[in-house]
Amino acid sequence: MAADPKIAPESSHFVSAASLRVRLDWFNKLRWGAAVGVLVATLLGERLLAQSLPLRSLLMAGSVLVFMNLGYVLRNLRLPPTDIVAELRLVKLQMLGDLLVLTILLNLTGGVENPLLYIYVVHVILASLLFKGKEIYQIAWLAIGLFTAEVMGEYLGWLPHHHLLSASDLTHQLPFIVLTLASFWLVLLFCAYMGASIMKHNRAIKDELVDRQAELIAADRSKMDFFRFVTHEIKSPVNTAQSAVETALEVGGASLDEGVQDMLSRAVRRLEQATDIVKDLADLTRGGGGLKQENLSDVDLGRLAAFLLDRQKDVADRTGQNLELETPQKPVIMHTNQAMLEKILDNLVSNAVRYNREGGRVLVQVRRSSDRVCIVVGDEGIGIAPEDRERIFEEFYRSTAAQRKSTLGTGLGLAIVRRFMQELGGHLDLDSEPGRGATFTVEFPLTAGRNGAVASTGGKGHDG
Amino acid sequence: MNKKTILVIDDDIDLVEIIRVTLENEDYEVIDAQNGERGIALAKEQNPDLILLDVMMSKVDEGFQVAYELRGSAETKEIPILMLTAVADQTGFDFNPDKDADFLPVDEFIEKPVSPRRLVDMVRKHLPTSV
Numbered sequence: 067m068a069a070d071p072k073i074a075p076e077s078s079h080f081v082s083a084a085s086l087r088v089r090l091d092w093f094n095k096l097r098w099g100a101a102v103g104v105l106v107a108t109l110l111g112e113r114l115l116a117q118s119l120p121l122r123s124l125l126m127a128g129s130v131l132v133f134m135n136l137g138y139v140l141r142n143l144r145l146p147p148t149d150i151v152a153e154l155r156l157v158k159l160q161m162l163g164d165l166l167v168l169t170i171l172l173n174l175t176g177g178v179e180n181p182l183l184y185i186y187v188v189h190v191i192l193a194s195l196l197f198k199g200k201e202i203y204q205i206a207w208l209a210i211g212l213f214t215a216e217v218m219g220e221y222l223g224w225l226p227h228h229h230l231l232s233a234s235d236l237t238h239q240l241p242f243i244v245l246t247l248a249s250f251w252l253v254l255l256f257c258a259y260m261g262a263s264i265m266k267h268n269r270a271i272k273d274e275l276v277d278r279q280a281e282l283i284a285a286d287r288s289k290m291d292f293f294r295f296v297t298h299e300i301k302s303p304v305n306t307a308q309s310a311v312e313t314a315l316e317v318g319g320a321s322l323d324e325g326v327q328d329m330l331s332r333a334v335r336r337l338e339q340a341t342d343i344v345k346d347l348a349d350l351t352r353g354g355g356g357l358k359q360e361n362l363s364d365v366d367l368g369r370l371a372a373f374l375l376d377r378q379k380d381v382a383d384r385t386g387q388n389l390e391l392e393t394p395q396k397p398v399i400m401h402t403n404q405a406m407l408e409k410i411l412d413n414l415v416s417n418a419v420r421y422n423r424e425g426g427r428v429l430v431q432v433r434r435s436s437d438r439v440c441i442v443v444g445d446e447g448i449g450i451a452p453e454d455r456e457r458i459f460e461e462f463y464r465s466t467a468a469q470r471k472s473t474l475g476t477g478l479g480l481a482i483v484r485r486f487m488q489e490l491g492g493h494l495d496l497d498s499e500p501g502r503g504a505t506f507t508v509e510f511p512l513t514a515g516r517n518g519a520v521a522s523t524g525g526k527g528h529d530g
Numbered sequence: 106m107n108k109k110t111i112l113v114i115d116d117d118i119d120l121v122e123i124i125r126v127t128l129e130n131e132d133y134e135v136i137d138a139q140n141g142e143r144g145i146a147l148a149k150e151q152n153p154d155l156i157l158l159d160v161m162m163s164k165v166d167e168g169f170q171v172a173y174e175l176r177g178s179a180e181t182k183e184i185p186i187l188m189l190t191a192v193a194d195q196t197g198f199d200f201n202p203d204k205d206a207d208f209l210p211v212d213e214f215i216e217k218p219v220s221p222r223r224l225v226d227m228v229r230k231h232l233p234t235s236v
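Residue numbers (this note's numbering), protein chains in the order written: chain A, 67 to 530; chain B, 106 to 236.
Heads up, some of the hints might be wrong.
Unchecked claim - Here are the simulated DSSO-like cross-link-like pairs (lysine-lysine), alpha carbons at most 27 Å apart as the crow flies:
1) K200/A - K289/A
2) K164/B - K345/A
3) K289/A - K164/B
4) K95/A - K158/A
5) K109/B - K230/B
6) K358/A - K289/A
In short, the hints are calculated from the structure, not lab data.
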């Protein structure tokens with residue numbers, strides 16, 4: 067398996083270390099609840115149950131729970147969740163501790179009389195979800211062993227019995243004990259078996275998905291390698307051919323027959339198109355350098371959008387389109403890779419103008435909310451059919467409607483948009499009704515996240 | 106009046122011929138070399154007025170190495186160098202003569218495909234005005 071090294075070590079476990087830690091932190095909170103519950107119940111118990119429970123022992127058990135949990139909480143604070151094996155080892159240790167404390171508490175509060183025994187079931191279910199094979203049954207047999215020993219110990223008089231209910235003698239009723247123990251064993255083993263088999267199935271599905279994803283990544287990589295190779299090989303012939311024809315036109319232009327001039331001009335136009343494809347392929351296969359520190363600068367989104375719209379002015383005027391820009395009064399500044407952002411927006415804006423209807427409107431909006439910035443590019447043109455929503459981002463795919471509308475376009479613009487958005491850690495959204503227009507929204511988180519993209523409003527002294 | 110001599114260093118023979126036609130049409134004399142080593146030798150021998158240099162020849166960055174060598178040699182360091190680049194060249198260099206003037210040994214980058222008009226403009230701009 068040509069797996070991503072980040073995925074491989076965890077693939078045989080269903081959960082990741084980080085997601086398991088979230089649960090563990092949650093269990094720590096539950097354990098605080100249990101400890102507080104034990105302490106409060108001990109103090110109230112005497113009045114509610116009219117029984118004299120072994121106060122001091124119960125308080126001690128409660129305190130043990132508190133100290134254990136304090137240890138877990140401190141450990142989680144200090145160690146980041148990186149190693150799933152270490153996390154699972156801790157879970158096992160915690161279960162061992164919890165089951166022991168539970169058994170002691172059970173013994174101090176009536177033994178077999180106490181419905182607290184359900185809590186064993188919870189532990190076995192949890193174990194069956196987190197562990198594999200033998201480990202699940204280790205926990206199940208530990209719970210069974212502890213509970214059986216407690217019940218039998220009391221029955222045989224080896225362990226003291228503390229009444230939970232007044233004058234109840236369930237502890238020494240053999241049929242009741244046998245029935246309880248039999249049900250207990252059955253429930254616990256059944257839980258372990260069910261959980262184990264369901265999780266085995268789930269893990270197989272997950273491993274399958276991980277494999278598939280690795281295959282997709284590898285396929286995409288070899289596709290990009292192929293594009294890179296083609297780009298490299300084809301750029302010199304195309305460049306040189308274009309120069310040759312341009313030179314022929316330039317140097318010999320006046321003396322050439324009009325028909326020959328026309329042919330050469332056509333050749334130049336098509337070679338320019340080929341050059342555009344080579345340039346786009348180079349962008350697509352090389353990427354834009356991403357969010358490396360040396361590539362970042364402050365970009366005024368409103369100004370950038372205005373600049374890009376202005377570049378489309380000639381085409382828009384010829385087709386009677388209105389180009390509009392909506393931007394907040396206060397400049398929206400984003401710290402990002404300017405060249406990449408410019409390429410993304412340029413592709414979206416030039417597409418909007420290219421596929422708009424005559425006399426239609428292209429509206430670019432720059433928006434800023436409390437936690438993100440977004441740029442919306444909308445047109446009133448041919449739109450995108452639902453079945454094309456995904457495909458238009460594929461290399462060289464052009465919808466039938468787009469091909470009919472324009473012979474220009476490399477078929478790579480949106481593939482570059484998608485790739486660059488991934489590199490910049492942004493989110494791309496598309497909304498369209500065929501025949502009524504398309505609206506692309508690019509969105510970036512405002513705070514410094516993993517990706518390091520930071521947006522902010524302009525500092526003091528800026529004027530809009 | 107002496108014709109100005111321009112040395113073209115490029116391993117693409119077709120492109121060399123295209124440049125020759127363009128520049129001879131403007132009354133320049135064109136000499137050429139198909140590799141860096143020959144180019145440096147020719148530059149020292151013929152002392153051209155300007156050098157057109159391809160960034161990528163047989164090896165990546167060969168053009169840059171040639172440029173460094175020309176700038177490092179007393180006989181050739183004054184000759185303006187225009188470097189031909191293509192957008193898909195993977196040289197690892199940032200083509201920004203303004204920003205990188207301190208360490209890039211060339212006067213101008215000309216992006217391929219080379220348009221004859223732009224080529225002539227650039228050559229005129231960088232040719233020394235006095236012989």
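Need the list of violated hint numbers for this structure, in ascending order.
1
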